[in-house]
Amino acid sequence: MIYTIPVAFLLIHNTMGFVDKKTIIVSKAMGDRDLATFWIAILRPLLGTLAGAFIQAFFLCFTDFGIPASVGGGYEVIATLLYNQMLGGIPDFNRGAVIAMILLIPSIGSICILQLLERFNIRYTRISQADLRKNPLRDTGWGVSSTAISVAILSIFAVIFVVPLVEEWPYQTSFSLEHFAAVFTDSELITVYWHSLVMALLTAFLGTLAAYGAALITARSTLPPRYKRVIESIALVTNAIPGMVLGVAYLFLFSGSGLQNTLLLMILCNIVHYFSTPYLMMKNSLSKMNAGWETTAMLMGDSWLQTILRVVTPNALSSLIEVFSYYFINSMVTISALIFIAGARTMVLTTMIKQLQYVNRFNEVFVLSLLILATNLIAKGLFSCLASYKASHPVKERRSIQLFGNRKEAVQ
33 MIYTIPVAFL LIHNTMGFVD KKTIIVSKAM GDRDLATFWI AILRPLLGTL AGAFIQAFFL
93 CFTDFGIPAS VGGGYEVIAT LLYNQMLGGI PDFNRGAVIA MILLIPSIGS ICILQLLERF
153 NIRYTRISQA DLRKNPLRDT GWGVSSTAIS VAILSIFAVI FVVPLVEEWP YQTSFSLEHF
213 AAVFTDSELI TVYWHSLVMA LLTAFLGTLA AYGAALITAR STLPPRYKRV IESIALVTNA
273 IPGMVLGVAY LFLFSGSGLQ NTLLLMILCN IVHYFSTPYL MMKNSLSKMN AGWETTAMLM
333 GDSWLQTILR VVTPNALSSL IEVFSYYFIN SMVTISALIF IAGARTMVLT TMIKQLQYVN
393 RFNEVFVLSL LILATNLIAK GLFSCLASYK ASHPVKERRS IQLFGNRKEA VQ
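Numbers 33 to 444, taken from our numbering, label the letters of the sequence shown in order.
Derived DSSO-like pairs (lysine-lysine); straight-line CA-CA distance at most 27 Å: (1) 320 - 422; (2) 412 - 386; (3) 320 - 60; (4) 166 - 53.
Just so you know, the hints here were simulated from the structure itself, not pulled from any lab data.
Could you put the whole structure together from the sequences, leaning on the hints where they help?
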């Protein structure tokens with residue numbers, strides 16, 4: 033459950049930023065009950081996003097390999113079964129391919145559900161940042177609940193901070209930094225860390241461009257619907273394909289080619305693997321923006337591309353930062369697809385951790401896990417600062433336009 037919280041939260045939080053808060057005030061003014069207001073102003077605009085978040089969380093649980101392999105013990109799930117068939121002591125590629133096909137079965141239902149809920153998408157002419165009425169009891173209650181949940185989640189990770197800082201857990205618990213020194217003086221592990229960092233940065237940059245471009249085509253362009261449906265289908269399929277199945281497919285497809293066991297192949301795999309959530313985030317954001325911007329810009333003499341660069345992109349900057357952050361963080365922690373396509377010279381931190389687990393080098397495992405956590409926290413802090421800076425410096429552009437012989441100023 034904890035593993036799925038970030039994905040679901042990002043999708044819902046991102047869409048909530050584009051929900052018109054004034055709807056709540058209007059609903060209250062019209063005498064609606066609390067449940068009716070909750071449905072009309074919050075649940076109804078989030079219906080498609082909630083379904084997408086549910087499906088994303090389901091597939092993360094259904095296809096995840098890292099957690100069952102680490103703490104599952106003798107309880108075998110389909111992801112570990114696939115791994116054992118493909119990379120076990122006696123590989124059976126034919127049986128592994130059949131198991132990979134079974135992992136695709138739930139994708140059919142998810143595609144149908146998302147297509148059905150697409151018709152419920154709500155587009156606002158204008159998003160009002162209205163101040164909601166304060167309620168000390170409500171705000172305190174939800175604040176305490178959120179804090180308690182956060183503390184409960186963080187407490188689970190306490191062991192990661194304790195074990196590397198003692199000599200030999202649990203027998204010699206005196207403070208020691210020798211495990212950190214051993215990792216940071218190991219040139220192989222440092223090289224693996226740089227591989228992860230480069231892969232995550234390039235995946236985030238190229239993946240953000242891909243997700244934004246696809247969302248612009250489906251949400252803000254005038255292309256025929258059949259072309260938009262192609263992109264929608266690709267996004268739904270990538271959402272439905274488990275990471276392990278994708279890794280197996282790349283293993284077979286690029287075997288013997290120049291891309292085999294390269295960082296470029298791993299970057300491409302990550303972009304495809306995580307494409308669905310960034311695409312949905314960008315599409316939900318762009319769909320909530322004013323649909324008349326392109327028409328107004330056309331009257332002002334701007335092309336569609338100029339409108340995207342000057343108007344849409346500045347207003348979508350917060351979502352772009354979230355997408356970049358999502359790609360980066362997930363690329364740093366992913367293992368399910370990379371376990372099949374990473375080579376000896378392109379090992380990343382997560383695959384190295386899996387290798388160290390086999391030889392019971394758990395001290396190094398915890399240190400590398402802390403290194404991943406620290407990198408992601410620093411990156412998340414930078415992204416949050418960028419998002420806060422953008423929020424405190426709204427983009428306003430004054431343009432002169434000629435309408436019916438009268439020159440007027442327009443604010444975008």
